[in-house]
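Asker: Throw the hints in and build the complete structure from the sequences for me.
There are 2 protein chains.
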Amino acid sequence: MDLLKERLATVSDLDSASSVLSWDQQTYMPAGGVAGRAEQRATLNRLSHEILASTEIAQLLDAAGEPEPGTDTAAIIRLTRREHERATKLPSRLVAEISRATTLAEPAWEQARAASDFPMFAPHLEKILGLQREAVEHLGYEDHPYDALLDRYEPGSRKARLETMFDDLKRGTADMVRGTSAHSEEVREAPLHGKFDELKQEEFGRMISTSFGYDWDRGRQDRAVHPFCINFGGPGDVRMTTRFDPDWLSPALFATLHETGHALYEQGVDPAYSRTPISGGASLGLHESQSRLWENVVGRSLPFWRHFYPRLQKAFPETLGSADLETFYRAVNAARPSEIRVEADELTYNLHVALRFELEVALIEGSLTVSDLPDAWNAKMKEHIGIVPKNDADGVLQDSHWAIGYFGYFPTYTMGNILSLQLFDAALEAQPGIFDDMEHGEFGVLLGWLRENVHRHGKKYEPDDLIERATGRPLDVQPYLRYLGEKFGALYGIS
Amino acid sequence: MDLLKERLATVSDLDSASSVLSWDQQTYMPAGGVAGRAEQRATLNRLSHEILASTEIAQLLDAAGEPEPGTDTAAIIRLTRREHERATKLPSRLVAEISRATTLAEPAWEQARAASDFPMFAPHLEKILGLQREAVEHLGYEDHPYDALLDRYEPGSRKARLETMFDDLKRGTADMVRGTSAHSEEVREAPLHGKFDELKQEEFGRMISTSFGYDWDRGRQDRAVHPFCINFGGPGDVRMTTRFDPDWLSPALFATLHETGHALYEQGVDPAYSRTPISGGASLGLHESQSRLWENVVGRSLPFWRHFYPRLQKAFPETLGSADLETFYRAVNAARPSEIRVEADELTYNLHVALRFELEVALIEGSLTVSDLPDAWNAKMKEHIGIVPKNDADGVLQDSHWAIGYFGYFPTYTMGNILSLQLFDAALEAQPGIFDDMEHGEFGVLLGWLRENVHRHGKKYEPDDLIERATGRPLDVQPYLRYLGEKFGALYGIS
Chain A
1 MDLLKERLAT VSDLDSASSV LSWDQQTYMP AGGVAGRAEQ RATLNRLSHE
51 ILASTEIAQL LDAAGEPEPG TDTAAIIRLT RREHERATKL PSRLVAEISR
101 ATTLAEPAWE QARAASDFPM FAPHLEKILG LQREAVEHLG YEDHPYDALL
151 DRYEPGSRKA RLETMFDDLK RGTADMVRGT SAHSEEVREA PLHGKFDELK
201 QEEFGRMIST SFGYDWDRGR QDRAVHPFCI NFGGPGDVRM TTRFDPDWLS
251 PALFATLHET GHALYEQGVD PAYSRTPISG GASLGLHESQ SRLWENVVGR
301 SLPFWRHFYP RLQKAFPETL GSADLETFYR AVNAARPSEI RVEADELTYN
351 LHVALRFELE VALIEGSLTV SDLPDAWNAK MKEHIGIVPK NDADGVLQDS
401 HWAIGYFGYF PTYTMGNILS LQLFDAALEA QPGIFDDMEH GEFGVLLGWL
451 RENVHRHGKK YEPDDLIERA TGRPLDVQPY LRYLGEKFGA LYGIS
Chain B
1 MDLLKERLAT VSDLDSASSV LSWDQQTYMP AGGVAGRAEQ RATLNRLSHE
51 ILASTEIAQL LDAAGEPEPG TDTAAIIRLT RREHERATKL PSRLVAEISR
101 ATTLAEPAWE QARAASDFPM FAPHLEKILG LQREAVEHLG YEDHPYDALL
151 DRYEPGSRKA RLETMFDDLK RGTADMVRGT SAHSEEVREA PLHGKFDELK
201 QEEFGRMIST SFGYDWDRGR QDRAVHPFCI NFGGPGDVRM TTRFDPDWLS
251 PALFATLHET GHALYEQGVD PAYSRTPISG GASLGLHESQ SRLWENVVGR
301 SLPFWRHFYP RLQKAFPETL GSADLETFYR AVNAARPSEI RVEADELTYN
351 LHVALRFELE VALIEGSLTV SDLPDAWNAK MKEHIGIVPK NDADGVLQDS
401 HWAIGYFGYF PTYTMGNILS LQLFDAALEA QPGIFDDMEH GEFGVLLGWL
451 RENVHRHGKK YEPDDLIERA TGRPLDVQPY LRYLGEKFGA LYGIS
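Note that the protein sequences, when read in sequence, are chains A and B. Okay, so the first sequence: first residue is 1 according to the numbering used here, each after it adds one. Okay, so the second sequence: first residue is 1 according to the numbering used here, each after it adds one.
Worth flagging that the hints you see were computed from the coordinates, not collected in a lab. Please note: incorrect hints may appear among the correct ones.
[As the list claims (entries may be wrong)] Computed cross-link-like contacts, DSSO-like style, restricted to lysine-lysine with a CA-CA straight-line distance of at most 30 Å:
(1) A/Lys200 to B/Lys200
(2) A/Lys195 to B/Lys200
(3) B/Lys89 to A/Lys5
(4) B/Lys127 to B/Lys89
Answerer: Take a look at the structure:
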């Protein structure tokens, strides 16, 4: 077992080093570093993969037998078996082909998006889709090929379950979406646009991150084109990035809250798990539940802004001096059908995800071709959101996920939204003072509950187990629907 | 040969990744990252070492035979044989221990220096020294244990040769040091002290780096406690750091010139050598020759300041408006016995180095203990420089080298000083217009000569060969003594 743990620590160190190189690439690396950095990261990833796929690991896993259930060691063995199987199932030729295809596809996607020219990207997507379908056959599945892809991001989840989840959501929000769409001519977001000095935005964001409980001795915040949170094998160094728009408050503010949510999860994992496979968040869905909880459930709530809005006004007296709390609260919760997922309100966000889920399932099972994808996208937009994008750049080309081979990733966004409420409700039941605390800018009790019931466990429990342990029941869409109904019912006078 | 080159590229990638992690640690890493970072770097260094020491590499080297002399391949084989021998001599346990010990020692040294508390650092130094002495026994040596350490930084050099070099220097400069010490009551440095806005300092430094020829698309400058230059396996990403004092111009200004010199060398290496053992500077002495050439021979010369001083005055009109060029030139060349090596004038700098060389020789051979080191330091300061530091922060704790395991490194500074003049004289002989160019802020011809005769060759030639090829003769202290004599003779009216 000691030797196995040593090998796994080496894997963790290689992966952490690769993450540091990725952080650097996205924050500070000069343009001249691109070629060398690609080689460095490919080498680190290859060495990590070689160890995980090795016969030595197979032998060490055999020798480990069946450790006492419920122990950390049992969890480490369980996850290592899964990672080893995954690593050996895919031929290294296929891994290399996927890596090469996505490396070529990403810049092609960027160009195609800039030119709003889907045919420019189509051959790359064809290639990637073919490789994903080939990978699925190697990985194996019980019910549906999509499950093999989903399992990488959300262990234990299934396509069939997601279909039920999205159906419940669509049914549960249809009236609300209709109701807010009737108000889509109203411009509620005005207070968020205007002059917002970047350094003051940064200072304000830092102040909120600090009050949420982010530990700056174990992290930092830098600027990057795409905001992200990253950690290096343990809770001691968990970094965030954001980007600032001097004329628009929302992007940096809510990205900061969002990434702080991810970071609080990683900073809260038991340090004893560092450099083992059970360090880090349990799944992408659970990770997203934390980011969405702090971004939306907390960060777009009235109690939160009762405390912070006077401070925000003080930071930007010229831009916000004349907007009262209620106006600002309505601004940060303006709901309206729109084209772009990352800018969507809480109500329509999951419809954007549902359409991507349905399309990628169809692509993987072969019932939809790449050449038919743009039309299918627009038809689904019309069906789910009620509008058709004015071009492919703002439609089928808007996300990078497929270009970098992330099939099966999108649904975790919606799982995160649903879980954010399920977990928040459980926290509120145990600690009814949470809303009072929020009005005073206090988040210690909420964070404490999340630490105790979610964060500290890292990957020790399977996502389904962790959800059940923390909330007493399996994934449940009802708390989220109730939350949306109450919030947008009040904001838009609908029910 | 292809397989060997592939393995060497993996070694290069691992080393480059370790360098990125080191850069990050010294610039942006939060305190909480220390423990994890130590493990990550230890793992990368261990894996790199394991490949270099492997029987596979031995077999590939055997199979490579003797390539045609003078080719790049011959140089790669020669250096790889040396690295393989060195790697097989050191057990990988020891390599990992050194890496871990130094990663922990560096922050401890920073704290100890801040508190001027040598005992706080002593246990770390004990540990590192013990590991260095263990390494020496594994590496082997002909004449003196110190040679085994020196060889890492300055292949082909020997302790005995350095003793002669330092004796020549001490003898050759004794009268000058006495002569300038007689003026030590004169305060010539006044113009360098005063209000110097940090951002303006940074901007001015960047302007000089740019005019020297530093390519910002292939590098960047950040802040660090100890200025350094670092690269990642090729000329595409060569970074510098510096530190700013808002009340004192010299530290950032001359550190920037110095690190730019290092960076120009790395940016000038043939890109075809990237990810091979012949990428990067030929030796530390040759590296230092480049940093000192740009910092001192160029950056403290009258022609240089004829061009740049009016620009500097314009950047800091309140502080420098009343000091004329001659006064400023005398200020940046003020010579006076002082405590800190990195701030020492050109005349006493090598005495600081001689002292460290003598102390580390004694530590390695065991004739001096760590607990006696502060007293020995102060005694040598009295002997060589004529003063005793007021505390350990400004004495034995001032340099990071020993904290990061760099024993045998210091003498390369003095070799660099000597070589900077030997190379500059050779460049001047070939291109007599260099001083005229300087007066116009033009450095292309000088850089071109260095690129052609030094930079582009990377590690292809052994240091002694490269020096002989570039200057027509072996390492020679006379040009440097002549330069010091002429410059300080004129500045201080001595001869």
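Asker: Hint by hint, which ones does this structure get wrong, listed from lowest number up?
Answerer: none
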